[in-house]
Every structure is written in C-alpha cells, then in structure tokens.
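The numbering used here numbers the first residue of the sequence shown as 13 and each following residue consecutively.
Hints listed in this document are in silico derivations from the structure and should not be mistaken for laboratory results.
One or more hints might be untrue.
[Claimed, not checked] Here are the simulated SDA-like cross-link-like pairs (lysine to any residue), alpha carbons at most 25 Å apart as the crow flies:
1) 131 - 80
2) 131 - 169
3) 131 - 178
4) 131 - 196
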Amino acid sequence: MTPTASVTALGPRAEDTVQRIRQLIEAGHVSMGGRLAPERTLAAAFGTSRETVRAALVWLEQNGEVHHRRGRGGGWFSLRPNPNWPVYSWSRLSEGQERPVKRPLGVDLSVPKFLDVQKFTVATQVVFAGMTAARHEVCQGLGIPEGSSVVAIYRVRFADGLPLSWERLFTLPDRFPGLLDLDLSGSLTEIFSNTYGVHVAEVSERI
Numbered sequence: 013m014t015p016t017a018s019v020t021a022l023g024p025r026a027e028d029t030v031q032r033i034r035q036l037i038e039a040g041h042v043s044m045g046g047r048l049a050p051e052r053t054l055a056a057a058f059g060t061s062r063e064t065v066r067a068a069l070v071w072l073e074q075n076g077e078v079h080h081r082r083g084r085g086g087g088w089f090s091l092r093p094n095p096n097w098p099v100y101s102w103s104r105l106s107e108g109q110e111r112p113v114k115r116p117l118g119v120d121l122s123v124p125k126f127l128d129v130q131k132f133t134v135a136t137q138v139v140f141a142g143m144t145a146a147r148h149e150v151c152q153g154l155g156i157p158e159g160s161s162v163v164a165i166y167r168v169r170f171a172d173g174l175p176l177s178w179e180r181l182f183t184l185p186d187r188f189p190g191l192l193d194l195d196l197s198g199s200l201t202e203i204f205s206n207t208y209g210v211h212v213a214e215v216s217e218r219i
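Given the sequences, and given the hints that come with them, work out the whole structure.
See below:
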C-alpha cells in the first residue's frame with residue numbers, strides 16, 4: 013500500500029478522524045519522537061468515541077503512517093517527520109530511561125552501524141518501495157523532466173523498537189536494475205556497493 017492511498021475502508025467519522033490525526037502530526041502536535049496523545053485524549057479532543065479513534069489509528073498503521081508499541085513506554089507513534097521529531101535526537105529509547113542516540117556528524121557511518129556500536133537493537137520498516145511520479149524537487153535533483161517515473165523507497169529506522177528516522181530514496185529505474193526485487197530492509201549503501209559496484213563518494217548532511 014502506498015503512502016498516498018485514499019481512505020475508503022472506513023466510515024465517515026473514522027475518515028474524518030484519520031484526517032484530523034494527520035493534521036495534528038503535520039502541525040507538530042506530538043511529543044518528542046512522534047508520540048501521539050493517548051486514544052482517550054484524542055477522542056475527547058475530536059468529540060468522538062475511543063473506538064473511532066482506534067479504528068482510525070489502526071488504518072493509519074496499516075497504511076504505514078503510524079506505529080503501535082505495546083507495553084511500558086508504548087503507545088502510538090508517527091512514522092512521518094514533523095516539527096517535534098528531529099532526526100537522530102530521540103532520547104527516551106529504553107523503558108523510560110534517558111538514552112540519547114549520538115550521531116557523529118561528518119562521519120561516513122551508516123545508521124545501523126552507529127546504532128549497533130551504541131548497543132541499540134536496530135530494525136528497518138520498508139513503508140513503500142515501487143515506481144512513482146517524481147515531484148518537482150526530485151526531478152531537479154536527478155536532472156530529469158517533470159513528471160518522470162522514478163524508483164522510490166520510503167523507510168523508517170527503529171532503535172530499541174521506537175522510530176528514529178524517516179528515509180526517502182529516489183533513483184532512475186535503469187540506474188539500478190532489479191533494485192525493487194532485493195531485500196531493502198538492510199543497508200542500501202551496501203546494496204549499491206556489493207550488487208552494483210557503486211560506492212558513495214560524497215555525503216551531504218543538512219540540519
């Protein structure tokens with residue numbers, strides 16, 4: 013399911029709740045790390061039932077937009093960037109203990125590697141992998157005509173079970189043939205190097 017799938021399997025109230033939750037996330041009305049307010053709080057804010065909020069959140073999870081974690085320190089978390097989710101700065105990653113993720117800027121080290129060094133349990137969720145029409149900024153970056161089709165890969169990185177970063181990759185279909193048939197849950201840098209003989213020569217970071 014693509015990240016832009018329309019809401020068609022829900023009733024009108026749940027559809028409205030989906031849109032209102034999205035608006036909260038986009039406006040940054042979430043806690044650090046993308047944590048959403050409890051279901052009961054959302055239901056009161058929206059003037060609807062907790063069951064309706066739960067149905068909307070489950071739909072959003074199936075659509076790759078939120079993630080539910082059970083147990084202590086659990087709850088619903090946004091899988092999309094927002095003003096309160098700066099990359100590499102999630103600091104409450106271990107059962108309520110303060111445990112900052114340290115990202116060495118300017119160092120050529122992949123996300124899984126620097127998390128592994130810090131003894132985090134690393135996981136990756138592929139939210140979307142397929143062909144899509146490139147947006148204006150993607151066309152500019154790749155030097156291709158407006159509306160061209162590109163390979164798009166959207167992923168979420170997790171550290172100790174909680175969302176850490178949102179990744180988007182775009183490339184030309186004929187640049188890496190068969191890319192979408194590979195296991196995309198690991199290091200893309202290693203895939204490019206080992207499978208296609210393409211090595212990263214320069215990394216640009218923007219904060």
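Quick rundown of the hints versus the structure:
For the hint linking residue 131 to residue 80, the alpha-carbon distance of about 23 Å falls within 25 Å, and the restraint holds. With a C-alpha separation of about 15 Å, the suggested pairing of residue 131 with residue 169 holds against the 25 Å cut-off. Distance hint between residue 131 and residue 178 is fulfilled; the C-alpha atoms sit about 20 Å from each other, no more than 25 Å. Restraint check for residue 131 and residue 196: satisfied, since their Cα atoms lie roughly 22 Å apart, inside the 25 Å limit.
Against the hints set out earlier in the document, no violation occurs for any number.
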